[in-house]
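Novice: Given the coordinates of chain W, work out where chains A and X should sit on it, guided by the hints.
Protein chains in written order, with the numbering used here: chain W, 3 to 390; chain A, 497 to 629; chain X, 66 to 319.
Warning: the hint list may mix true and false statements.
Taking lysine-lysine and the PhoX-like style, the derived pairs with C-alpha atoms no more than 25 Å apart in a straight line are [to be verified]:
(1) X:Lys71 to W:Lys163
(2) X:Lys71 to A:Lys582
(3) X:Lys71 to W:Lys166
(4) X:Lys199 to A:Lys582
In case anyone wonders, no lab produced these hints; they're calculated from the structure. It should be emphasised that the depicted structure is a prediction, and the values quoted were computed from it without experimental measurement.
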Amino acid sequence: MLMMEKATVGSRRYWAWILCLAAIILAGFLCYLRQLSHGLAITGLSRDVTWGLYIAQFTFFVGVAASAVMVVLPYYLHDYKAFGRITILGELLAVSAVTMCLLFVFVDMGQPARVLNVLLYPSPSSLMFWDFISLGGYLFLNALIPFVMLRAEREEVSPPKWIKPIVILSIPWAVSIHTVTAFLYSGLPGRAFWLTAVLVPRFLASAFASGPALLILLCLILRKVSRFDAGDNAIHQLGLIVTYAMVINVFLVSVEFFTVFYSRIPEHLEHFRYVFFGLDGNYHLAPWMWLSAALAIAALILLLVPAWRNSPRLLPLACAFVFVSVWIEKGLGLIVGGFTPSPLGSITRYTPTWPETTIVLGVWAIGALMITVFYKIALSVREEAGVR
Amino acid sequence: MSDRPQIVAGLIVFVGLFTFPIWHARGGKPSPNAPDIKLPAQEKQCVAPVEYMRESHMDLLDSWREDVVRDNQRQFTAFNGKVYDKSLTRTCLTQCHTDKAEFCDRCHTYAGVSGPYCWDCHVQPRLTARRTP
Amino acid sequence: MKITRKDFLRLSGLGLLALAGKKAVRAFAEAAAPSASPQTIKRWGMVIDLQKCRQKDGCTDCVKACNLAHNIPQIPDRAHEVKWIWNQSFESVFPQVQTDYTQQAYAGHPIPLLCNHCANPPCVRVCPTQATFKRENDGIVMMDFHRCIGCRYCMAACPYGSRSFNWQDPRPAIPSINSDFPTRTKGVVEKCNFCEERLARGLRPACVEACPEKAMVFGDLSNPETEPRKLLRARFALQREPELGTSPSVYYLI
Numbered sequence: 003m004l005m006m007e008k009a010t011v012g013s014r015r016y017w018a019w020i021l022c023l024a025a026i027i028l029a030g031f032l033c034y035l036r037q038l039s040h041g042l043a044i045t046g047l048s049r050d051v052t053w054g055l056y057i058a059q060f061t062f063f064v065g066v067a068a069s070a071v072m073v074v075l076p077y078y079l080h081d082y083k084a085f086g087r088i089t090i091l092g093e094l095l096a097v098s099a100v101t102m103c104l105l106f107v108f109v110d111m112g113q114p115a116r117v118l119n120v121l122l123y124p125s126p127s128s129l130m131f132w133d134f135i136s137l138g139g140y141l142f143l144n145a146l147i148p149f150v151m152l153r154a155e156r157e158e159v160s161p162p163k164w165i166k167p168i169v170i171l172s173i174p175w176a177v178s179i180h181t182v183t184a185f186l187y188s189g190l191p192g193r194a195f196w197l198t199a200v201l202v203p204r205f206l207a208s209a210f211a212s213g214p215a216l217l218i219l220l221c222l223i224l225r226k227v228s229r230f231d232a233g234d235n236a237i238h239q240l241g242l243i244v245t246y247a248m249v250i251n252v253f254l255v256s257v258e259f260f261t262v263f264y265s266r267i268p269e270h271l272e273h274f275r276y277v278f279f280g281l282d283g284n285y286h287l288a289p290w291m292w293l294s295a296a297l298a299i300a301a302l303i304l305l306l307v308p309a310w311r312n313s314p315r316l317l318p319l320a321c322a323f324v325f326v327s328v329w330i331e332k333g334l335g336l337i338v339g340g341f342t343p344s345p346l347g348s349i350t351r352y353t354p355t356w357p358e359t360t361i362v363l364g365v366w367a368i369g370a371l372m373i374t375v376f377y378k379i380a381l382s383v384r385e386e387a388g389v390r
Numbered sequence: 497m498s499d500r501p502q503i504v505a506g507l508i509v510f511v512g513l514f515t516f517p518i519w520h521a522r523g524g525k526p527s528p529n530a531p532d533i534k535l536p537a538q539e540k541q542c543v544a545p546v547e548y549m550r551e552s553h554m555d556l557l558d559s560w561r562e563d564v565v566r567d568n569q570r571q572f573t574a575f576n577g578k579v580y581d582k583s584l585t586r587t588c589l590t591q592c593h594t595d596k597a598e599f600c601d602r603c604h605t606y607a608g609v610s611g612p613y614c615w616d617c618h619v620q621p622r623l624t625a626r627r628t629p
Numbered sequence: 066m067k068i069t070r071k072d073f074l075r076l077s078g079l080g081l082l083a084l085a086g087k088k089a090v091r092a093f094a095e096a097a098a099p100s101a102s103p104q105t106i107k108r109w110g111m112v113i114d115l116q117k118c119r120q121k122d123g124c125t126d127c128v129k130a131c132n133l134a135h136n137i138p139q140i141p142d143r144a145h146e147v148k149w150i151w152n153q154s155f156e157s158v159f160p161q162v163q164t165d166y167t168q169q170a171y172a173g174h175p176i177p178l179l180c181n182h183c184a185n186p187p188c189v190r191v192c193p194t195q196a197t198f199k200r201e202n203d204g205i206v207m208m209d210f211h212r213c214i215g216c217r218y219c220m221a222a223c224p225y226g227s228r229s230f231n232w233q234d235p236r237p238a239i240p241s242i243n244s245d246f247p248t249r250t251k252g253v254v255e256k257c258n259f260c261e262e263r264l265a266r267g268l269r270p271a272c273v274e275a276c277p278e279k280a281m282v283f284g285d286l287s288n289p290e291t292e293p294r295k296l297l298r299a300r301f302a303l304q305r306e307p308e309l310g311t312s313p314s315v316y317y318l319i
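Bound-form chain W, shown alone (with noise of 0.2 Å):
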């Protein structure tokens, strides 16, 4: 029924990769249970900065999912006929992104075997409750309408009516999940790096920019090492959402620049300050913002030149620029950001141990193997359909 067979044939190279991943994963999973034993001691976090790399994964990788809507959206609502055939591909990066992001959160608990008590005590004024459902909603739709389409295809049929207006849900329900996501940081009275209402607007920006980079990334991996190929034109529309998104993203960043450093207000500068200039001496995160920002930067100098955006070889390019550009910004920039100086003005800082960095790519590896799956999957059961 889940077509699962179809991911036990592959290629050397196939089976090569998928051992590979089996690797990262159990030895993060060792680490994840020495992690266990001893508690989060074994990471890099503090007193001070209580979230870090775990959390800074969710946060990133919520965009990702999010950005599936970027290709739903123009095809169903809009009859968008070249993103047809890879509306599936952005649903089922979804999948795997909001299982990465479920296993983050899991990973940094400090009581892991009590997860179940965000359901049996449900707290209508916690942003965790709203995250945990709608995530967990947005999950099960994602799973859903790739696994209705495939069987549909599979047999030849077009798909039941009713798939329609789930489809229609996921799109406000992708907004939602973002959205939810940043009022978790948001509405923090004593955050003063979060307290921002664009924070919102800021996020939906760096998802659909970061998400469908690695979309087209994706893509154009599949064009090398399958028979699949999503069309220049899908490719191309891709690349200029990424140029949109990004200008947006950045244009938006920059804005924030001005409030803060226009106000003077201290609560609100001397965040910026740390995480772009360094304070007092400590200048851990300044050569990563700057690293982002100049990523940005060469994206976007690539992205808004027509020629370059849809060249070949410069759009892997600027979608990697903007993929690890966004992952710094709103990853570790903005976690370590929020906690740095803490209330009480120390500076504490925040240096991944390696158990945790495996821990990460551990799950980075199981969000691979997800989409390896996937991705097997949903493109042997076209071919053998002989799709359109």
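Specialist: Structure of chains A and X alone, referenced to chain W:
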């Protein structure tokens, strides 16, 4: 049927795992007698009837926990009218069942109940001098 | 009566939805439930007289008393330290009121810091399991260590840095275990609880009793005739970051 060897092997493994508790315990001595628990010397009446306590003392303790921690309701009126402080360590283990090993643990071991992880945090009254393992 | 598989699945799905809906309605009802009658609500609070606190140089009696009473682990690594009450200098505690010139008067003076047991606590709002909650009948912001999942969202939400997390098993780092109070386990958040277990026995908090200068005055803020209220009428008092709307229950007399 070319899969027959795998199917048979799988069945054998499955049956073996399924019946693990039966053949694994063969080495141990079955114990038809009730565990030899040491009752408190002075007190003859528990905070609730014995039959209830035997079956549901964890329910009682859980409800005590919720009452004390979340509602600050610390007084427990027993079925016989006596009022106790809702505390396992300060009431039960201090006033009556002073030897946890000879009362609580004996029955838990016999019944194969791996103790709840209460003692990861709560401190047994007799063990103040040294740190608990 | 034969039922088709499709119908069976449909009915079960609807049944599960109904159950979930019931739970959701209950959650909303409990969240919206009004608190107990305002007349009987107590609000425990504390007024700390910083003039008296300054009398003894380098004094940490309140800190030591709390550590003993509550089995606070003494962890040398500052990143993983656990503290319920501690001293910090004026400049870092009240950055909004300090200027270059007030620094001359108050520079370096120790301020005892603890959970403010806010009337409008952001930590309680964000807890996804209600493991931290505000007790109706006395206003104490409580920790339920049994329910805490260790997500540390409350630590992100607290504007005062009052909360600590157990990054490892605390027991090896506890100098001497006080059997009157549990230790905690790794993976849960903890903070000052206004000694609610002592209040239940009619005692004052450990820090209040330990202070040699009697600088900490503890009482019911909702009753205008208690010691804290009298002090607040007589002298000018500061709260930490009142503009955030948290309404702390800890006041500092300069």
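Novice: Now look at each hint and say whether the structure bears it out.
Specialist: Hint by hint, here is what the structure shows:
Between X:Lys71 and W:Lys163 the alpha-carbon distance is near 16 Å, which keeps this suggested pair within the 25 Å criterion. As the CA atoms of X:Lys71 and A:Lys582 are separated by approximately 52 Å, the hinted pair breaks the 25 Å bound. A C-alpha spacing of about 20 Å is found between X:Lys71 and W:Lys166, which places the hinted pair at or below 25 Å, so the restraint holds. The suggested pairing of X:Lys199 with A:Lys582 holds, with an alpha-carbon distance near 21 Å, which does not exceed 25 Å.
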